[in-house]
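**Student:** Residue numbers (numbering that gives the first Met the number 0): 0 to 280.
Check before you lean on any hint, since a few could be wrong.
Here are the computed lysine to aspartate or glutamate pairs in the DMTMM-like style, where the Cα-Cα straight-line distance is at most 20 Å [said to hold, decoys possible]:
| no. | residue 1 | residue 2 |
| --- | --- | --- |
| 1 | 190 | 78 |
| 2 | 190 | 80 |
| 3 | 261 | 241 |
| 4 | 58 | 171 |
| 5 | 190 | 160 |
| 6 | 261 | 80 |
| 7 | 261 | 221 |
| 8 | 58 | 263 |
| 9 | 190 | 164 |
| 10 | 58 | 267 |
For the record, the hints were derived by calculation from the structure and aren't laboratory data.
These numbers come from a predicted model, not from an experiment.
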Amino acid sequence: MTTTSPTSPDDLTATTFELAGHAGALHGKAWEGIDPTYVVLLVHGYGEHVGRYQWVAEKLVADGAAVYGLDHLGHGRSDGERVLVADFEPVVDDVHLLFERARAEHPQLPVVLLGHSMGGMIGARYAQRYGAELAAVVLSGPVIGRWDAVEALLGADEIPDVPIDPDTLSRDAAVGQAYVDDELVWHGPFKRPTLEALHREIGLITDAGRVDAVPVLWLHGEDDQLVPIEPSRGGWQHLAGDRAEQRSYPGARHEILNETNKEEVLGDALGFVHRHLPAAG
0 MTTTSPTSPD
10 DLTATTFELA
20 GHAGALHGKA
30 WEGIDPTYVV
40 LLVHGYGEHV
50 GRYQWVAEKL
60 VADGAAVYGL
70 DHLGHGRSDG
80 ERVLVADFEP
90 VVDDVHLLFE
100 RARAEHPQLP
110 VVLLGHSMGG
120 MIGARYAQRY
130 GAELAAVVLS
140 GPVIGRWDAV
150 EALLGADEIP
160 DVPIDPDTLS
170 RDAAVGQAYV
180 DDELVWHGPF
190 KRPTLEALHR
200 EIGLITDAGR
210 VDAVPVLWLH
220 GEDDQLVPIE
230 PSRGGWQHLA
240 GDRAEQRSYP
250 GARHEILNET
260 NKEEVLGDAL
270 GFVHRHLPAA
280 G
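Using the sequences and the accompanying hints, generate a full structural model.
**Tutor:** So this is what it looks like as structure tokens:
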């Protein structure tokens, strides 16, 4: 099923579609201008959905990208119990389904992956498994190395019903308010099977080690209180290959693509991508 609908009268039109994921139907979006020159796969974070990346998609399309994203199992408009993910390896497989959809529609274009937070974790594992199929990977505030919040919650007898603090997302208060008001965002507690799966996947990425098949860029806010930079840096040291690059942003919080310096962040990401896209023939 494919439908086309604008998210608002002034916004770039998004095409919606469904993919048959590993445990149910996955809701997808695609944004595209005229004659794109490359493809970007957007991989969203925990509890959110790909519709929150409208601004990013618009900027990418203006740069020449065809942009594809999907709501993970249990997220947004996709099937599944809310935020319940028992194993992230099949979620990586779901992202590969998205790659195959994009490749079928644009068989000659290079493909880039951009993953944020938990989506950065998924993107890191995707790079380990499928990196040779990609031109570049950008990880924004990725959950790699260690996430102390997961360790603490797993050690609790009962998971507290405490939602993510919107103030940790951005210095722009409007970002946090939009997050709170978004009915497709999960505002409840973590679920123990998801925490266990996160813990396993982080360890699996560390054990699998460096990525040399594709250039990878790590971006992180230095005042990220949700996914602190130092544990992520530890994971990056295991992951970074010969063509890896990194950049951090003083004062920036977790959602650097929604931060007050978001133009700078996306500019850095696009500069990296263009350095690694194949030359047009």
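**Student:** Take the C-alpha atoms of residue 58 and residue 171, compute the straight-line distance between them, and say whether it is at most 20 Å.
**Tutor:** holds, 19 Å
**Student:** So if I understand the rule, the pair passes when the alpha-carbon distance is 20 Å or less; does residue 190 with residue 160 pass?
**Tutor:** holds, 10 Å
**Student:** If you draw a straight line from the CA of residue 261 to the CA of residue 241, is it 20 Å or shorter?
**Tutor:** violated, 27 Å
**Student:** Between residue 58 and residue 267, is the straight-line Cα distance small enough, at 20 Å or below?
**Tutor:** Given pair residue 58, residue 267 holds - Cα atoms ~13 Å apart, limit 20 Å.
**Student:** Given the proposed pairing of residue 261 with residue 80, does the C-alpha separation stay at or below 20 Å?
**Tutor:** violated, 32 Å
**Student:** Tell me if the straight-line CA distance from residue 261 to residue 221 falls inside 20 Å.
**Tutor:** With Cα atoms ~14 Å apart, residue 261 and residue 221 stay inside 20 Å; holds.
**Student:** Is the hinted pair residue 190 and residue 80 satisfied, with a Cα-Cα distance of at most 20 Å?
**Tutor:** Cα-Cα ~10 Å, so holds.
**Student:** Below or equal to 20 Å on CA atoms is what counts here, so check residue 190 against residue 78.
**Tutor:** At roughly 17 Å apart (the allowed maximum being 20 Å), residue 78 and residue 190 satisfy the hint.
**Student:** Is residue 58 close enough to residue 263, meaning Cα to Cα at most 20 Å?
**Tutor:** holds, 12 Å
**Student:** Against the 20 Å threshold, does the CA-CA distance of residue 190 and residue 164 hold or violate the hint?
**Tutor:** holds, 17 Å
Consistency note: the structure conflicts with the earlier hints numbered 3, 6.
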